[in-house]
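Q: Work out the full structure, taking the sequences as your base and the hints as a guide.
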Amino acid sequence: GAGVSQSPSNKVTEKGKDVELRCDPISGHTALYWYRQSLGQGLEFLIYFQGNSAPDKSGLPSDRFSAERTGGSVSTLTIQRTQQEDSAVYLCASSLDRGGGYTFGSGTRLTVV
Amino acid sequence: KQEVTQIPAALSVPEGENLVLNCSFTDSAIYNLQWFRQDPGKGLTSLLLIQSSQREQTSGRLNASLDKSSGRSTLYIAASQPGDSATYLCAVRDQAGTALIFGKGTTLSVSS
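As you go down the protein sequences, you meet chains B and C in turn. Under the working numbering, the first residue of the first sequence carries the number 72, and numbering increases by one thereafter. Under the working numbering, the first residue of the second sequence carries the number -7, and numbering increases by one thereafter.
Hints were generated in silico from the structure; no laboratory data involved. Keep in mind that a hint or two might mislead.
What the hints assert, rightly or not - Far from chain C, some chain B residues (derived; all Cβ distances over 12 Å):
| id | residue |
| --- | --- |
| 1 | Val75 |
| 2 | Gly87 |
| 3 | Arg93 |
| 4 | Ser98 |
| 5 | Leu114 |
| 6 | Asp134 |
| 7 | Phe136 |
| 8 | Glu139 |
| 9 | Thr149 |
| 10 | Ser158 |
To be verified - Below are the SDA-like pairs computed for lysine to any residue, each with C-alpha atoms no more than 25 Å apart in a straight line:
| id | chain 1 | residue 1 | chain 2 | residue 2 |
| --- | --- | --- | --- | --- |
| 11 | C | Lys34 | B | Val145 |
| 12 | C | Lys34 | B | Gln154 |
| 13 | C | Lys96 | B | Phe116 |
| 14 | C | Lys(-7) | B | Gly130 |
| 15 | C | Lys34 | B | Thr147 |
| 16 | C | Lys60 | C | Ser4 |
| 17 | C | Lys(-7) | C | Ala70 |
| 18 | B | Lys82 | C | Pro32 |
| 19 | C | Lys96 | C | Gln49 |
| 20 | C | Lys34 | B | Val184 |
| 21 | C | Lys(-7) | B | Ser98 |
| 22 | B | Lys82 | C | Thr66 |
| 23 | C | Lys(-7) | B | Gln108 |
| 24 | B | Lys128 | B | Ser98 |
| 25 | C | Lys96 | B | Ser144 |
| 26 | C | Lys(-7) | C | Pro32 |
| 27 | B | Lys82 | B | Ser124 |
| 28 | B | Lys128 | C | Thr90 |
| 29 | C | Lys(-7) | B | Asp168 |
| 30 | B | Lys82 | C | Lys(-7) |
| 31 | C | Lys96 | B | Gly172 |
| 32 | C | Lys96 | B | Leu131 |
| 33 | C | Lys34 | B | Phe116 |
| 34 | C | Lys34 | B | Leu131 |
| 35 | C | Lys(-7) | B | Ser109 |
| 36 | C | Lys96 | B | Gly111 |
| 37 | C | Lys34 | C | Lys(-7) |
| 38 | C | Lys34 | B | Ala125 |
| 39 | B | Lys82 | C | Gln30 |
| 40 | C | Lys60 | B | Glu115 |
Beta carbons: idealized from backbone N, C-alpha and C, even for Gly.
A: What follows is the structure in structure tokens.
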């Protein structure tokens, strides 16, 4: 596609429920990144996919967070048993290759009530 | 561990002023540096990407410089306009294949 697409744009969920956030990167971009931006905080790196290599999961805050990328394209970030502190904007970015500039999606605003 | 700092955290200027936003990073061995703009409630828009071998990049009224040895980058905005009001984020990549590390941003307000 023309840009990085994320869905949903907004998600309100009850504490304890699982949520799935989707990212559709730019066609042909081999690298995909997930970040989290909490209110008043900077961008926090979560996970990075590069081609068919094993993902860099070093930023995932707990084992409730997981992500997969199917067919080297679409990625899904899953948060299990959501907590109120998970409320944030989740941003996805892709780049042409492992060293290229990032293009970000518009993000998913997650609110856990 | 790489850390990125942006100063000032907030800046208010009248329309027409030239201004400089500062970014510093603790480890000078970077692969590239990227400046972004974020409007309230929106995602990030890439402004300029500077590779480690480059000194500066320009796009319209924006000019970004990079001094790797001192661990600094500046974003120069000429003839500021109210539409430039946004948060500006600086991010560095240590090596190809690693994730960008972001500063906390400078929130710019340009009044007409």
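Q: None of the hints should be skipped; say for each whether it holds.
A: Tested hints:
Interface exclusion of valine 75/B from chain C breaks down, the closest Cβ pair being 8 Å apart, not more than 12 Å. Every C-beta of chain C lies more than 12 Å from that of glycine 87/B, the closest at about 27 Å, which supports listing it as non-interface. For arginine 93/B, the non-interface assignment is confirmed: its Cβ lies about 15 Å from the closest Cβ of chain C, beyond the 12 Å cut-off. Taking the minimum C-beta to C-beta distance to chain C, about 18 Å, the non-interface status of serine 98/B holds against the 12 Å cut.
The beta carbon of leucine 114/B sits about 4 Å from the closest Cβ of chain C, which is not more than 12 Å, so the claim that it is off the interface is violated. No beta-carbon of chain C comes within 12 Å of the beta-carbon of aspartate 134/B; the shortest separation is about 20 Å. Every CB of chain C is more than 12 Å from the CB of phenylalanine 136/B (nearest about 15 Å), matching its label as outside the interface. Every CB of chain C is more than 12 Å from the CB of glutamate 139/B (nearest about 17 Å), matching its label as outside the interface.
The beta carbon of threonine 149/B is kept farther than 12 Å from every beta carbon of chain C, the shortest such distance being approximately 19 Å. Once the 12 Å rule is applied to beta carbons, serine 158/B is consistent with being away from chain C; the minimum gap is 15 Å. Distance check on the hinted pair: lysine 34/C and valine 145/B sit about 21 Å apart at the alpha-carbon level, within 25 Å; holds. Simply put, lysine 34/C and glutamine 154/B have alpha-carbon atoms about 23 Å apart, close enough for the 25 Å limit, and the pair holds.
With a CA separation close to 13 Å, the supplied pair lysine 96/C and phenylalanine 116/B stays within the 25 Å bound. Restraint check: the Cα-Cα separation between lysine -7/C and glycine 130/B comes to about 14 Å, which is no more than 25 Å; the hinted pair holds. Restraint check for lysine 34/C and threonine 147/B: satisfied, since their Cα atoms lie roughly 20 Å apart, inside the 25 Å limit. Of the pairs offered as hints, the one joining lysine 60/C and serine 4/C is violated, with about 28 Å between alpha carbons and a cut-off of 25 Å exceeded.
For the hint linking lysine -7/C to alanine 70/C, the alpha-carbon distance of about 33 Å lies beyond 25 Å, and the restraint is violated. The straight-line distance between the Cα atoms of lysine 82/B and proline 32/C is roughly 18 Å, inside the 25 Å bound, and the hint therefore holds. Note on lysine 96/C and glutamine 49/C: the hinted pairing holds, with a Cα-Cα distance of about 22 Å set against a maximum of 25 Å. Between lysine 34/C and valine 184/B the alpha-carbon distance is near 22 Å, which keeps this suggested pair within the 25 Å criterion.
Pair hint lysine -7/C plus serine 98/B does not hold up; C-alpha atoms about 32 Å apart against a cutoff of 25 Å. Under the criterion of a C-alpha separation no larger than 25 Å, the hint pairing lysine 82/B with threonine 66/C is inconsistent with the structure, at around 36 Å. Note on lysine -7/C and glutamine 108/B: the hinted pairing holds, with a Cα-Cα distance of about 20 Å set against a maximum of 25 Å. With a C-alpha separation of about 23 Å, the suggested pair lysine 128/B and serine 98/B falls inside the 25 Å cut-off, and the hint holds.
A C-alpha spacing of about 29 Å is found between lysine 96/C and serine 144/B, which places the hinted pair above 25 Å, so the restraint is violated. With a CA separation close to 29 Å, the supplied pair lysine -7/C and proline 32/C exceeds the 25 Å bound. For the hint linking lysine 82/B to serine 124/B, the alpha-carbon distance of about 30 Å lies beyond 25 Å, and the restraint is violated. A C-alpha spacing of about 11 Å is found between lysine 128/B and threonine 90/C, which places the hinted pair at or below 25 Å, so the restraint holds.
The straight-line distance between the Cα atoms of lysine -7/C and aspartate 168/B is roughly 23 Å, inside the 25 Å bound, and the hint therefore holds. With a C-alpha separation of about 34 Å, the suggested pair lysine 82/B and lysine -7/C falls outside the 25 Å cut-off, and the hint is violated. Restraint check: the Cα-Cα separation between lysine 96/C and glycine 172/B comes to about 19 Å, which is no more than 25 Å; the hinted pair holds. At roughly 19 Å between alpha-carbon atoms, lysine 96/C and leucine 131/B fall within 25 Å of each other, so this suggested pair holds.
The hinted pair formed by lysine 34/C and phenylalanine 116/B meets the criterion: a straight-line CA distance of about 18 Å does not exceed 25 Å. Restraint check: the Cα-Cα separation between lysine 34/C and leucine 131/B comes to about 23 Å, which is no more than 25 Å; the hinted pair holds. Annotation: proposed proximity of lysine -7/C to serine 109/B holds, straight-line Cα distance about 21 Å (limit 25 Å). Between lysine 96/C and glycine 111/B the CA atoms are separated by roughly 9 Å; this keeps the pair inside 25 Å, and the hint holds.
Only pairs whose Cα atoms come within 25 Å are accepted, and lysine 34/C paired with lysine -7/C is rejected, the gap being roughly 29 Å. Annotation: proposed proximity of lysine 34/C to alanine 125/B is violated, straight-line Cα distance about 30 Å (limit 25 Å). Restraint check: the Cα-Cα separation between lysine 82/B and glutamine 30/C comes to about 21 Å, which is no more than 25 Å; the hinted pair holds. At most 25 Å may separate the alpha-carbon atoms for a hinted pair to count; lysine 60/C and glutamate 115/B meet this at roughly 23 Å.
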